[in-house]
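Q: Single-letter residue listing:
Number of protein chains: 2
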Amino acid sequence: MRPKSWGWISMSERLEGKRVRIKAKGKIFEGIVMPSFTGNFVLKLDNGYNVGFKEYELLEVLEVEPFEPHLPELVKREGLPDVKIISTGGTIASKVDYRTGAVTSQFTAEEIASEVPELTEICNVDAELLYNILSENMKPENWIELARHVYKALKDHEGVIITHGTDTMHFSAAALSFMLSTPKPVVFVGAQRSSDRPSSDAAMNLLCAAKAATEDIGEVVVCMHGSTSDDYCLVHRGVKVRKNHTSRRDAFQSVNAKPIGRIDYPSLSVEWLSWRYRRGERELKLTDRLERKVVLIKFFPGLSSDILEYYHSKGYRGFVIEGTGLGHVSTDWIDTLRRVCEDSVVVMTSQCLWGRVCDRVYDTGRDILRAGVIEGEDMLPEVALIKLMWLLGNYSIEEAKEMVKKSVAGEIEPTTQY
Amino acid sequence: MRPKSWGWISMSERLEGKRVRIKAKGKIFEGIVMPSFTGNFVLKLDNGYNVGFKEYELLEVLEVEPFEPHLPELVKREGLPDVKIISTGGTIASKVDYRTGAVTSQFTAEEIASEVPELTEICNVDAELLYNILSENMKPENWIELARHVYKALKDHEGVIITHGTDTMHFSAAALSFMLSTPKPVVFVGAQRSSDRPSSDAAMNLLCAAKAATEDIGEVVVCMHGSTSDDYCLVHRGVKVRKNHTSRRDAFQSVNAKPIGRIDYPSLSVEWLSWRYRRGERELKLTDRLERKVVLIKFFPGLSSDILEYYHSKGYRGFVIEGTGLGHVSTDWIDTLRRVCEDSVVVMTSQCLWGRVCDRVYDTGRDILRAGVIEGEDMLPEVALIKLMWLLGNYSIEEAKEMVKKSVAGEIEPTTQY
Numbered sequence: 001m002r003p004k005s006w007g008w009i010s011m012s013e014r015l016e017g018k019r020v021r022i023k024a025k026g027k028i029f030e031g032i033v034m035p036s037f038t039g040n041f042v043l044k045l046d047n048g049y050n051v052g053f054k055e056y057e058l059l060e061v062l063e064v065e066p067f068e069p070h071l072p073e074l075v076k077r078e079g080l081p082d083v084k085i086i087s088t089g090g091t092i093a094s095k096v097d098y099r100t101g102a103v104t105s106q107f108t109a110e111e112i113a114s115e116v117p118e119l120t121e122i123c124n125v126d127a128e129l130l131y132n133i134l135s136e137n138m139k140p141e142n143w144i145e146l147a148r149h150v151y152k153a154l155k156d157h158e159g160v161i162i163t164h165g166t167d168t169m170h171f172s173a174a175a176l177s178f179m180l181s182t183p184k185p186v187v188f189v190g191a192q193r194s195s196d197r198p199s200s201d202a203a204m205n206l207l208c209a210a211k212a213a214t215e216d217i218g219e220v221v222v223c224m225h226g227s228t229s230d231d232y233c234l235v236h237r238g239v240k241v242r243k244n245h246t247s248r249r250d251a252f253q254s255v256n257a258k259p260i261g262r263i264d265y266p267s268l269s270v271e272w273l274s275w276r277y278r279r280g281e282r283e284l285k286l287t288d289r290l291e292r293k294v295v296l297i298k299f300f301p302g303l304s305s306d307i308l309e310y311y312h313s314k315g316y317r318g319f320v321i322e323g324t325g326l327g328h329v330s331t332d333w334i335d336t337l338r339r340v341c342e343d344s345v346v347v348m349t350s351q352c353l354w355g356r357v358c359d360r361v362y363d364t365g366r367d368i369l370r371a372g373v374i375e376g377e378d379m380l381p382e383v384a385l386i387k388l389m390w391l392l393g394n395y396s397i398e399e400a401k402e403m404v405k406k407s408v409a410g411e412i413e414p415t416t417q418y
Numbered sequence: 001m002r003p004k005s006w007g008w009i010s011m012s013e014r015l016e017g018k019r020v021r022i023k024a025k026g027k028i029f030e031g032i033v034m035p036s037f038t039g040n041f042v043l044k045l046d047n048g049y050n051v052g053f054k055e056y057e058l059l060e061v062l063e064v065e066p067f068e069p070h071l072p073e074l075v076k077r078e079g080l081p082d083v084k085i086i087s088t089g090g091t092i093a094s095k096v097d098y099r100t101g102a103v104t105s106q107f108t109a110e111e112i113a114s115e116v117p118e119l120t121e122i123c124n125v126d127a128e129l130l131y132n133i134l135s136e137n138m139k140p141e142n143w144i145e146l147a148r149h150v151y152k153a154l155k156d157h158e159g160v161i162i163t164h165g166t167d168t169m170h171f172s173a174a175a176l177s178f179m180l181s182t183p184k185p186v187v188f189v190g191a192q193r194s195s196d197r198p199s200s201d202a203a204m205n206l207l208c209a210a211k212a213a214t215e216d217i218g219e220v221v222v223c224m225h226g227s228t229s230d231d232y233c234l235v236h237r238g239v240k241v242r243k244n245h246t247s248r249r250d251a252f253q254s255v256n257a258k259p260i261g262r263i264d265y266p267s268l269s270v271e272w273l274s275w276r277y278r279r280g281e282r283e284l285k286l287t288d289r290l291e292r293k294v295v296l297i298k299f300f301p302g303l304s305s306d307i308l309e310y311y312h313s314k315g316y317r318g319f320v321i322e323g324t325g326l327g328h329v330s331t332d333w334i335d336t337l338r339r340v341c342e343d344s345v346v347v348m349t350s351q352c353l354w355g356r357v358c359d360r361v362y363d364t365g366r367d368i369l370r371a372g373v374i375e376g377e378d379m380l381p382e383v384a385l386i387k388l389m390w391l392l393g394n395y396s397i398e399e400a401k402e403m404v405k406k407s408v409a410g411e412i413e414p415t416t417q418y
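Protein sequence lines, in the order shown, are assigned to chains A and B.
In terms of UniProt numbering, the first sequence is residues 1 to 418.
In terms of UniProt numbering, the second sequence is residues 1 to 418.
Keep in mind that a hint or two might mislead.
Because identical chains cannot be distinguished in the list, a pair is counted as satisfied if it fits within a single copy or across any two copies.
DSS-like cross-link-like pairs, simulated, lysine-lysine; straight-line CA separation at most 25 Å [as the list claims (entries may be wrong)]:
(1) 293 <-> 314
(2) 405 <-> 54
(3) 293 <-> 405
(4) 293 <-> 401
(5) 406 <-> 76
(6) 23 <-> 401
(7) 285 <-> 406
(8) 258 <-> 54
(9) 258 <-> 406
The hints are simulated quantities; they were obtained by calculation from the structure and are not laboratory data.
Given only the sequences and the hints, what does the whole structure look like? Please build it.
A: Right, here's the structure in full:
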């Protein structure tokens with residue numbers, strides 16, 4: 001018999017994380033109840049495998065011993081660089097959740113080292129749990145707080161790692177790229193599959209991120225799987241990277257730029273693939289204000305330019321448009337654009353994502369430029385959005401109009417890479 | 001001396017398309033004035049080359065003989081299939097513009113055949129100039145008119161080709177995919193480089209499109225360069241294709257599906273790469289209403305859900321959200337989503353573009369589903385938008401909620417292709 005649901009909450013969800021004994025298919029099974037994505041009742045058995053059941057009989061909910069880590073104290077190794085790991089939540093931090101039934105990770109250095117012991121051969125780890133939130137809930141306020149914590153950590157560590165949910169990791173990486181001028185590596189890392197799954201990318205990504213954090217890098221980067229195998233990670237510039245797949249482990253790709261480098265696994269040997277800010281090249285500096293009233297609008301055939309008026313009337317002075325092709329919107333947007341451009345910064349990007357905006361080729365584009373719109377060059381729409389939040393938070397409208405065209409953190413390449 | 005500009009209109013633009021004689025670099029040049037993308041004064045010389053000048057002296061504006069094509073009359077070849085070419089404008093149709101100085105192409109069958117004579121070996125061409133507009137100016141009204149013209153043409157032709165600007169070609173292809181059930185091929189084709197440039201893709205794309213229009217296909221497709229070389233075109237399903245580069249000739253890619261086929265050039269041999277609707281498989285049927293009050297909203301960290309209320313209060317009942325990752329928005333959107341879902345259809349897609357939406361994995365996703373949002377599976381956001389315009393134009397809200405989850409024109413693949 002399959003237990004019925006109470007309203008929206010199924011039996012399986014009420015038992016999530018608990019140890020149970022059930023009868024199914026004529027046998028007895030014991031294990032931890034896992035979140036069910038399919039409507040099945042899923043158990044993690046002691047051998048590590050997950051098994052799903054359509055029909056089962058619940059025999060017993062077992063008491064679990066309170067989680068006592070008993071982890072050995074970490075001893076600092078001489079000669080290894082100090083690296084700070086700041087956790088913000090997401091799949092990569094959900095490691096411990098269903099192993100013990102505990103839903104929230106403690107995220108101590110000892111815990112991380114016991115999960116991924118190879119880390120201690122690369123660096124001396126400090127750990128800090130800043131947030132435990134899903135990355136779709138990250139807000140500009142969180143970026144500011146995170147930037148301040150990273151700024152502080154950079155003063156007495158050789159590098160900083162930020163574990164982050166993958167949904168908005170590239171937004172956060174772009175935000176920190178603008179807010180922080182850093183002489184040391186700041187490495188975002190996440191996982192597409194949680195650590196309780198055999199295909200998890202959490203440990204390998206973290207090891208490669210630790211390697212990156214000790215390397216000759218002086219900028220904010222994202223380090224994630226470079227292929228669907230466990231053979232290498234890629235290090236992407238924080239302002240040129242995008243999540244381009246909902247579930248693949250190699251979902252993160254550099255767009256309109258080569259990745260900065262490649263870190264082979266398990267050798268952790270590094271190959272540089274592009275130019276980069278080097279360690280010590282820039283001074284440590286925090287410029288951490290962000291203007292919230294900036295909006296990204298994706299154009300489509302038939303979309304009325306009223307949406308520009310709507311945001312403008314609410315006090316928005318920063319607009320990023322995701323236009324078509326080389327950077328176009330319908331001709332009937334031009335009048336509204338001209339009015340909005342009088343006291344606002346409007347940046348044109350392309351929903352093609354790859355390639356460079358060029359509004360000098362066709363009539364519509366030239367009209368858009370005459371209206372006062374600024375070409376976003378080869379910037380990703382998401383990056384242009386955050387750049388504008390940062391510019392309008394720290395500079396005047398006129399300064400922002402000049403600076404948005406120029407590369408601040410490597411977000412504009414001089415020529416487009418194919 | 002470089003002629004000064006009058007307001008926004010430069011001398012070069014006033015002369016565009018006219019034949020002139022100038023003095024520059026100590027020599028005399030004669031040719032047709034081309035649109036200038038760089039601020040230079042550009043002449044197309046009689047040998048076909050374009051030359052740009054920074055400084056020049058205008059000597060004479062020459063009268064041009066009225067354009068007399070003197071084209072041989074096309075004779076229908078027995079045994080070749082009849083194909084209708086409908087022109088809507090865009091780069092591919094700009095072929096004739098600056099060859100003669102005429103700004104608008106006549107777009108007769110004779111003209112096309114004289115430009116691309118190999119066409120007459122593939123099919124007997126009929127031609128119709130429906131629009132001459134840049135594709136960023138296409139509107140849902142144009143899709144309806146276009147669908148009606150194609151519907152009519154399909155009755156007495158073996159296939160239909162639509163020449164179209166590339167900016168929104170994939171939107172138009174998706175629109176016709178839903179509006180037209182077709183037993184014959186309907187082939188969209190465009191060019192990324194206009195025919196007066198040596199690197200133009202116009203002729204090859206048109207020849208491959210003609211081949212596709214005579215093949216065993218019974219659906220709406222897009223036929224464009226498959227690589228940056230002139231070696232093959234790909235035939236993409238109209239509801240699985242997207243322009244993914246601002247300028248590359250192979251900008252169009254199938255997303256979350258394999259292309260239907262590959263047409264080698266110049267052999268025009270066809271290789272099928274995926275399933276397809278076959279010729280004669282479906283009845284000819286036109287379902288051509290579209291609801292305009294449907295909107296696509298791209299989510300980003302910090303975006304307020306007020307935007308949903310704004311459109312809802314204006315009578316919008318169709319919403320496509322471009323969420324993050326597997327299909328997420330911030331948790332503080334849930335209450336608004338629940339209210340909007342009461343009388344509207346809200347579809348979740350992913351700004352990752354590649355991969356499938358799955359809101360059953362994480363808490364936020366499950367909350368989104370409970371609010372009444374429907375998973376857009378592996379549909380592109382743009383395709384989900386147009387599908388919803390079509391569903392709400394022709395069916396009730398309740399019917400639309402059911403149909404949006406099911407594949408109508410091949411827009412949802414049973415499993416995601418990697």
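Q: Now look at each hint and say whether the structure bears it out.
A: Here is how each hint holds up against the structure:
Both within a single protomer and between protomers do residue 293 and residue 314 lie at most 25 Å apart by alpha-carbon distance, with minima of 8 Å and 22 Å respectively. For the homomeric pair residue 405 and residue 54, the shortest alpha-carbon distance between copies (24 Å) is at most 25 Å, but the shortest distance inside one copy (57 Å) is not. In this homomeric assembly, residue 293 and residue 405 come within 25 Å of each other (Cα to Cα) only inside a single copy, at 20 Å, whereas the closest approach across copies is 35 Å. In this assembly of identical chains, the alpha carbons of residue 293 and residue 401 lie at most 25 Å apart only when taken from the same copy (16 Å versus 34 Å across copies).
In this assembly of identical chains, the alpha carbons of residue 406 and residue 76 never lie at most 25 Å apart, being 43 Å within a copy and 58 Å across copies at closest. In this homomeric assembly, residue 23 and residue 401 never come within 25 Å of each other (Cα to Cα): the closest approach is 67 Å inside a single copy and 38 Å across copies. Taking CA atoms no more than 25 Å apart as the test, residue 285 paired with residue 406 passes inside one copy only; the shortest distance there is 19 Å, against 52 Å between copies. For the identical chains of this complex, residue 258 and residue 54 are neighbours neither inside a copy (47 Å) nor across copies (34 Å), given an alpha-carbon limit of 25 Å.
Proximity of residue 258 to residue 406 under the C-alpha cut-off of 25 Å is restricted to the intra-copy arrangement: shortest distance 19 Å within a copy versus 38 Å between copies.
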